[in-house]
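Following the hints, complete the assembly by docking chain B onto the known chain A.
Residue numbers (the working numbering), protein chains in the order written: chain A, -8 to 463; chain B, 27 to 421.
Do not take every clue at face value.
Below, computed lysine-lysine pairings styled on DSS-like, alpha-carbon distance capped at 25 Å [unchecked claim]:
hint: 1; chain 1: A; residue 1: Lys241; chain 2: B; residue 2: Lys112
hint: 2; chain 1: A; residue 1: Lys241; chain 2: B; residue 2: Lys128
hint: 3; chain 1: B; residue 1: Lys141; chain 2: A; residue 2: Lys241
hint: 4; chain 1: B; residue 1: Lys141; chain 2: A; residue 2: Lys300
hint: 5; chain 1: A; residue 1: Lys81; chain 2: A; residue 2: Lys118
hint: 6; chain 1: A; residue 1: Lys81; chain 2: B; residue 2: Lys128
hint: 7; chain 1: A; residue 1: Lys235; chain 2: B; residue 2: Lys112
hint: 8; chain 1: A; residue 1: Lys58; chain 2: B; residue 2: Lys112
hint: 9; chain 1: B; residue 1: Lys382; chain 2: A; residue 2: Lys241
hint: 10; chain 1: A; residue 1: Lys82; chain 2: B; residue 2: Lys128
hint: 11; chain 1: A; residue 1: Lys235; chain 2: B; residue 2: Lys382
hint: 12; chain 1: A; residue 1: Lys442; chain 2: B; residue 2: Lys141
Now the stretches of chain B that chain A is said to cover, found in silico as 3 or more residues with beta-carbon under 8 Å [stated by the list, open to error]:
hint: 13; segment: 81 to 90
hint: 14; segment: 230 to 240
In short, the hints are calculated from the structure, not lab data. Ideal placement from N, C-alpha and C gives every residue a C-beta, glycine not left out.
Listed here are the chains, written in short residue letters.
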Amino acid sequence: SKEAGKKDNSTRYSLLASLSCSSTNTVVEMQNPSSGVKGAEQKLNVTTIPHVIAGETHTPIRVKVIKQEAQAFATMLVAYGYIYPLQNHKKLVMCNDASLYRFQTPYFWPTQKWVAEDTDYAIYLAKRNIRKKGMLEPYEQAHYNHLHEWLNHKWDFIVMQATEQYKVARERKKPDRVVFDCQERAYWIVNRPPRYTHSAMDYGPDRLIDPSADQVKGQYRHTHTHTHTHTEWRRLRILLEMVKYITNYKNHDPFLAPCLPSNPWQTESDAYWNLNTRRVDVPTKMRVERWSFSLFELLSDLRGRDDFKIFLKKEFSGENLAFWEAAEEMKWGTASSMSTKAEAIFKTFLAPGAPRWINIDGRTMGLTVKGLDHPHRYVLDAAQTHVFMLMKKDTFFRYLKSPVYKDIQKKALNPEPHNFSDSQVEQNARNRGMGIHPIILWQQEEEERAKAAIASAPVDVKAVMSKIDRKK
Amino acid sequence: MCDQTFMAITFGPCDNCSTTSPLMNIYIKNEPTNYCSFCVEMMACQGLLKGETLASLKNESESLKKKLEEERAKLHDVELHQVAEKIEVVSALSIKTRRVLKGHGNKVLCMDWCKDKRRLVSSSQDGKVIVWDGFTLNKEHAVPMPCTWVMACAYAPSGCAIACGGLDNKCSVYPLSLDKNENLAAKKKSVAMHTNYLSGCTFTNSDMQILTSSGDGTCALWDVESGQLLQSFHGHTADVLSLDLAPSETGNTFVSGGCDKKANVWDMRSGQNVQSFETHESDINCVKYYPSGDAFASASDDATCRLYDLRADREVAVYQKDSIIFGVSSLDFSLSGRLLFGGYNDYTINIWDVLKGNRVSMLFGHENRVSTVKVSPDGTSVCSASWDNTLRIWA
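Bound-form chain A, shown alone:
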């Protein structure tokens, strides 16, 4: 960026800080003549270049790593300019083959102390122009023209520097000159990457923290907030609960156990999604099992909620769930709908003699009703929590033991695992299902909801009476 020389911003600082110790130590060790990577001489045109290593030999680093990880790490070293490729010099990755690489001289290592300034780049491009006109690549020519324009006030200085450097270079021995040219070129590929290539030096927009603030490295405070009175002896119980949760869900995790009939991403067959749609007639066994893990799971899966509603209807206790749903609608609804929703909920569930009156304790009822005078989205919180706890501690467990649940468990499908051959998978890929667009599904849901609302709405006796009156 144009402001590269202006200030050393914090994101760049932290980027280079993460490179510092580990990378430089590793690179130094790699060059150790006895224990490091073995180099060789390479014939390049008419000179031989010493200390060249082949891509394949980059692995012997002291830390025990798998081959691919070593390659990834080596790619980082190439991307940041500690090592540079000799052949495909614009592609900054470590290839696991016989392509050749060299260690970059420490002078050109990325460091926070020396930022690659535009003036330096201009000198470099000018120097190459002096050496041989027309040797700049198109993107370099574009940079050159641009720099010539806005660094014009310094151009005499730049040309002078470039000429001096060129003269000094001529006095070197040819192999040294070739090596230095390669090193310098590699440095500028890293710091002024060609168009349409990816650069590791990118660091995104500036973060606004103060870079000159003290870096509290190695010291971190562990803050206990002490707003709750948790005691140490609960820790074991908490950790065990985490383990229990994972064990419960293990067979439902597609990364740990195969999903039946198959994972759509692996076999290109969307059967798994079709068997688990929102309103499927018969759910799968795995899905039904998940409903039994917690009331939260049962309610989160709308198909499970439907089943729960069937049970509640049989018990004539559907008003708790209906109230909970209404409270959710209120909590997550638009700000403008608060008062109308509050009124509807009061009429349906809380008013004395309401058609779906919920049985909550007197205090909560009193407070809720009072709060409804000035309704806000959380006004039903206490009542909703109370109702949820009732369902969680009592109704949910009765549901799991009920004929409704046992029935759906029996009926539930257990699909056979797919066993596609590679060619069948290819065939599946050609016939990938489009599925139903979420917008269409949403419209269908809205229709269903409207129907359900009409079916369960409190009958406005006065309106019915007046209608009858008018008909007479």
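Only chain B this time, still in chain A's reference frame:
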């Protein structure tokens, strides 16, 4: 949901002192009552219940203290991986790239899955937001944003809209349509307005509200229809880079992480910072709740991922390795919570065993840093977005 006392946001006369003030719903001898906060404090500090003497109480507290010390000694230094010793190891994972989504002209900064488990939205540095059907690789919509660096994008729960924002300091909602050729930018709705860049956004449980985090150090809850600010959350002392909503039945809290190395848990109703964790050594780039909602993980520039338990109120695990020196930009849990996928700045994705603390696998393929990692809603795949202009879906 754990058995904590809930604060009922109600207003009325206190049962003890009769003054009208915000009330806390508490139980005294199994009887529910509503006290104002002052009376709660008074009661907690005094209160000899009937039949107790100071001496008997003292004896009781001494014996409890002794019991606590005994238990504490037994459990000194119990760590998650010790508890998980008897659990079997994760069997070898064979995860491959199943899709490469090409189409962005520049770095892909963020992505989010649709609840239908196959569609996703992604946003890029060049200002384009693309809605894809990941399964068929169809690009369904391409929305040009008026700014570059669109750092946050989210899919609405209904699947009918998307939200995005970045250097424009705003979060805008675009309703989607079945017509591919419709100009979505025409129906754009500006919802959130911050004083600095938008770093993260998410819809709550419905399409009507959006939670945002910003470089101005705050998070905020907005009403989509009116653009009204419902609640703002102040407490971070530097840019907030990420947030995540709790997957709990109460759905009232969220966690945020920022450049001040802190991860804060907030109550959406009151705007209060209820818990804070500061053990990272550098900026926190991403925070994500554990599937049960009782814990969350954070990813940081210090090259570690850390797991914090909310009820224990402390860090319970650190996921790090000597050979990993580059920052983690993003993370997500697999469905069961056993695996933790982390996207790193060295172009790789590391997969950690959450219980045992070791790395189980690595995913290679991206050619520049990984900016976002998200597991699909049914856990069948994980999607990674990268600065190499592509997204990859792995399974």
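Cross-check of the supplied hints:
For the proposed pair A:Lys241 and B:Lys112, the alpha carbon gap of about 15 Å is at most 25 Å, so the pair holds. Of the supplied pair hints, the one linking A:Lys241 and B:Lys128 is violated, its CA atoms being roughly 33 Å apart against a limit of 25 Å. Between B:Lys141 and A:Lys241 the alpha-carbon distance is near 21 Å, which keeps this suggested pair within the 25 Å criterion. At roughly 23 Å between alpha-carbon atoms, B:Lys141 and A:Lys300 fall within 25 Å of each other, so this suggested pair holds.
Distance check on the hinted pair: A:Lys81 and A:Lys118 sit about 20 Å apart at the alpha-carbon level, within 25 Å; holds. For the suggested pair A:Lys81 and B:Lys128, the alpha carbons sit about 22 Å apart, so the restraint of at most 25 Å is met. A distance of roughly 12 Å separates the Cα atoms of A:Lys235 and B:Lys112; the hinted pair therefore holds under the 25 Å criterion. Only pairs whose Cα atoms come within 25 Å are accepted, and A:Lys58 paired with B:Lys112 is rejected, the gap being roughly 30 Å.
This hinted pair checks out: B:Lys382 and A:Lys241 have alpha carbons roughly 15 Å apart, not beyond 25 Å. Under the criterion of a C-alpha separation no larger than 25 Å, the hint pairing A:Lys82 with B:Lys128 is consistent with the structure, at around 20 Å. A hinted pair counts as satisfied when its Cα atoms are at most 25 Å apart, and A:Lys235 with B:Lys382 qualifies at roughly 14 Å. Of the pairs offered as hints, the one joining A:Lys442 and B:Lys141 holds, with about 24 Å between alpha carbons and a cut-off of 25 Å not exceeded.
Restraint check on the segment 81 to 90 of chain B versus chain A: 0 residues with Cβ-Cβ distances below 8 Å, three needed, restraint violated. Residues of the segment 230 to 240 of chain B with a Cβ under 8 Å from some Cβ of chain A number 5, which satisfies the need for three, so the listed coverage holds.
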